Amino acid sequence: MNFTRPQFPNLYMRVKFISLRLLLLLFLPFSLNAQEQEAVFVADQTFRLDGKTEYFYAFAQGDAVELTVSEFSGKSIRSVEFIQFPDYMIYRAYNLDTTLRQRIPIPKTGVYMLRIQEAGLGKKVCRFTIHRRAASAEMTRFVTQVPWDVYQIPEYQLMGRPVEVGKKMESLPLNGQVTVSASKMFTKKAVNAYQFTLPPYTTRWAYRVAVGQAAVEARRRDAEKLTLAMKSNAAKMLGLEPETALAAFALGLVVDVTVSTAGEDVEYAIVDWDNWTKFSKNEPYTSFIYQSGISVDAQRRFAPLSGTYYFALKSDNWVDDINVLIDIEAITETPVYQTEWYLMPVRP
Numbered sequence: 126m127n128f129t130r131p132q133f134p135n136l137y138m139r140v141k142f143i144s145l146r147l148l149l150l151l152f153l154p155f156s157l158n159a160q161e162q163e164a165v166f167v168a169d170q171t172f173r174l175d176g177k178t179e180y181f182y183a184f185a186q187g188d189a190v191e192l193t194v195s196e197f198s199g200k201s202i203r204s205v206e207f208i209q210f211p212d213y214m215i216y217r218a219y220n221l222d223t224t225l226r227q228r229i230p231i232p233k234t235g236v237y238m239l240r241i242q243e244a245g246l247g248k249k250v251c252r253f254t255i256h257r258r259a260a261s262a263e264m265t266r267f268v269t270q271v272p273w274d275v276y277q278i279p280e281y282q283l284m285g286r287p288v289e290v291g292k293k294m295e296s297l298p299l300n301g302q303v304t305v306s307a308s309k310m311f312t313k314k315a316v317n318a319y320q321f322t323l324p325p326y327t328t329r330w331a332y333r334v335a336v337g338q339a340a341v342e343a344r345r346r347d348a349e350k351l352t353l354a355m356k357s358n359a360a361k362m363l364g365l366e367p368e369t370a371l372a373a374f375a376l377g378l379v380v381d382v383t384v385s386t387a388g389e390d391v392e393y394a395i396v397d398w399d400n401w402t403k404f405s406k407n408e409p410y411t412s413f414i415y416q417s418g419i420s421v422d423a424q425r426r427f428a429p430l431s432g433t434y435y436f437a438l439k440s441d442n443w444v445d446d447i448n449v450l451i452d453i454e455a456i457t458e459t460p461v462y463q464t465e466w467y468l469m470p471v472r473p
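Under the numbering used here, the first residue of the sequence shown is numbered 126, with each subsequent residue one higher.
Calculated directly from the structure, the hints in this document are not laboratory data. Computed from a predicted structure; not experimentally measured. Where is the CB? At the ideal position from N, CA and C, for every residue including glycine. Any given hint might turn out to be false.
[To be verified] Label-pair restraints from in silico Cβ distances:
#: 1; residue 1: Thr352; residue 2: Glu295; range: 20 to 28 Å
#: 2; residue 1: Phe166; residue 2: Gly187; range: 17 to 25 Å
#: 3; residue 1: Gln209; residue 2: Glu368; range: 38 to 46 Å
[As the list claims (entries may be wrong)] Listed next, the in silico EDC-like pairs over lysine to aspartate or glutamate satisfying Cα-Cα at most 16 Å (straight line):
#: 4; residue 1: Lys439; residue 2: Glu408
#: 5; residue 1: Lys313; residue 2: Asp445
#: 6; residue 1: Lys249; residue 2: Asp175
#: 7; residue 1: Lys314; residue 2: Asp175
#: 8; residue 1: Lys439; residue 2: Glu366
#: 9; residue 1: Lys313; residue 2: Asp175
#: 10; residue 1: Lys248; residue 2: Asp169
#: 11; residue 1: Lys350; residue 2: Asp381
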């Protein structure tokens, strides 16, 4: 007689489901720890314990406080208490004669007291350290100092303020083109201007002034030079990857940007509005820089750094108008802010 082994598909699926749950439970703590915030130093105190000592700190809801307490004279400490001020006990340890290491979760944003009391008459030398792990990246910047007498002013409120945590560096192009008329045998003014406004937080800038087709050739040559320059070690320290040779030049990278006096040329000056009007009337004026007889010119500038200015342009061509291309790369360092949280005492 032949027997057929009974099949249990439901039992197999149940065992498989339980196994998957066990795997998830095993690996879940590792995934949670991977997202945990970095421990931030709060306090490191070495002191003589004579009776009772209290220290006050502020913590945010969800924080994990990592507390270490040690006694150096080989004697025991009567008690170590961590209290949500004024009297809600969070953690307590008695008769401590070895190093205490404890991780304490913070249930509510507020002031907390670390109280250490001695046992016996002999004075003791103790040390404690505190580190804090924030519950979220948003609460990483939290002031843990409590600079007021909490017994005199027990009330407080949570406040936030913006603090600068760094700068964002960018290269912003301000490119344009302007036509300068020929004098037509002195019947027309052979001057024109290109207006530009430096963006906020400009720290330095560079520009190229080029006439006609010389601009195209200058850009091509400089693009080849940028490819070579970006292979240098200095390029890795810029803090920003420039997209053009002019931007690299503005950042301070040694790039032999193209300049030329061959071909059609122009006279230019960088001026403000008042001096542009004087320039256009052929009157005496002052400028940040003046150049003449150039076909292609490039300069790096550290002043001015804000405001609206003009490239005042003049042509000596009697017959033909000229097209002047102006490329500007302004390097900006914009402050980056984050919210810093702190407790402010509320005076009665």
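A quick look at each hint next to the structure:
1. About 22 Å separates the C-beta atoms of Thr352 and Glu295, a value consistent with the hinted range of 20 to 28 Å.
2. Range check, Phe166 to Gly187: Cβ separation about 19 Å, and the 17 to 25 Å hint holds.
3. Here the CB-CB span from Gln209 to Glu368 is close to 54 Å, at odds with the stated 38 to 46 Å.
4. A distance of roughly 13 Å separates the Cα atoms of Lys439 and Glu408; the hinted pair therefore holds under the 16 Å criterion.
5. Restraint check: the Cα-Cα separation between Lys313 and Asp445 comes to about 12 Å, which is no more than 16 Å; the hinted pair holds.
6. Straight-line distance between C-alpha atoms of Lys249 and Asp175 comes to about 7 Å, which keeps the hinted pair within the 16 Å bound.
7. For the suggested pair Lys314 and Asp175, the alpha carbons sit about 91 Å apart, so the restraint of at most 16 Å is broken.
8. Using a Cα cut-off of 16 Å, the hinted pair Lys439 and Glu366 is violated, with the two alpha carbons roughly 35 Å apart.
9. Taking the CA atoms of Lys313 and Asp175, the gap is near 94 Å; set against the 16 Å cutoff, the hint is violated.
10. A threshold of 16 Å between alpha carbons decides the hint, and for Lys248 with Asp169 the separation of about 20 Å lies outside it, so the pair is violated.
11. A hinted pair counts as satisfied when its Cα atoms are at most 16 Å apart, and Lys350 with Asp381 qualifies at roughly 7 Å.
Comparing the model with each earlier hint shows violations of hints 3, 7, 8, 9 and 10; every other hint is respected.
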